[in-house]
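S.K.: Residue numbering for the sequence shown follows the working numbering, beginning at 1 and increasing consecutively.
These are computed hints drawn from the structure, not numbers from a lab. Just so you know, not all the hints are guaranteed correct.
[Claimed, not checked] Label-pair restraints from in silico Cβ distances:
| hint | residue 1 | residue 2 | range |
| --- | --- | --- | --- |
| 1 | Phe61 | Ile138 | 30 to 38 Å |
| 2 | Leu126 | Gln52 | 16 to 24 Å |
| 3 | Leu65 | Glu178 | 29 to 37 Å |
The beta-carbon is built from N, C-alpha and C at its ideal position, and this holds for glycine as well.
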Amino acid sequence: METTAEQVTLLLDRWAGGDAGALAKATELLYPELHRLADSYFRRERPGHTLQPTALVHEAFLRLLRIDHLEFENRRQFLGLMAQLMRQILVDYARQANAQKRGGDARHVGIDQTDIAAPDYASRFLELNDALNQLAQISERKARILELRYFAGLSLEEVGTILEISAATVSRDQHMAEAWLNEAIHGRLQM
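Based on the sequences and whatever the hints tell you, model everything.
M.R.: Below you can see the structure in the form of structure tokens.
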């Protein structure tokens, strides 16, 4: 596994230096992990969810290609960005579903029709996203921890490495962030 991590870091460096083919090679090495990231999100969903993790990974990859001037120190940073992109895709899709529910004409974001479009799910997902954004205004690190833990499925140690803090600090911050989100979502906090 360590060799793969080193290979990926080297490939990401080559991509940042202008080698377009290096990203394809890095993605091929990371594809199982990227699929695991997408799959980890769906494991938390109700049974019968029809959105496929593969579609989410592919859409995130397409968005990654639209970003200019990216540099990664290691594969964890790459996976962290992919987790952010996956979250943005799901938020965009939930917004589109909410707009359609209200008769709006939001643009399609490239994912097949799924149960995420159910009005109650889309509303709850958007509420969570809004709360995470508000938490980021208070503590960007705590919001990032939740994103990496829940959307990327990273371990405490992996999050600690990305954020350059201890796993114990990640755990403490995660518990505080979860408590804050619970209060925010249930309307007990002034936002």
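S.K.: Could you run down the list of hints and mark each one as holding or not?
M.R.: Verification of the supplied hints:
1. Phe61 / Ile138: 30 to 38 Å: holds, 32 Å
2. Leu126 / Gln52: 16 to 24 Å: Roughly 21 Å apart at Cβ, these two residues keep to the hinted range, so it holds.
3. Leu65 / Glu178: 29 to 37 Å: Since the Cβ atoms of Leu65 and Glu178 sit about 33 Å apart, the hinted range of 29 to 37 Å holds.
Every hint from the earlier list agrees with this structure, and none is contradicted.
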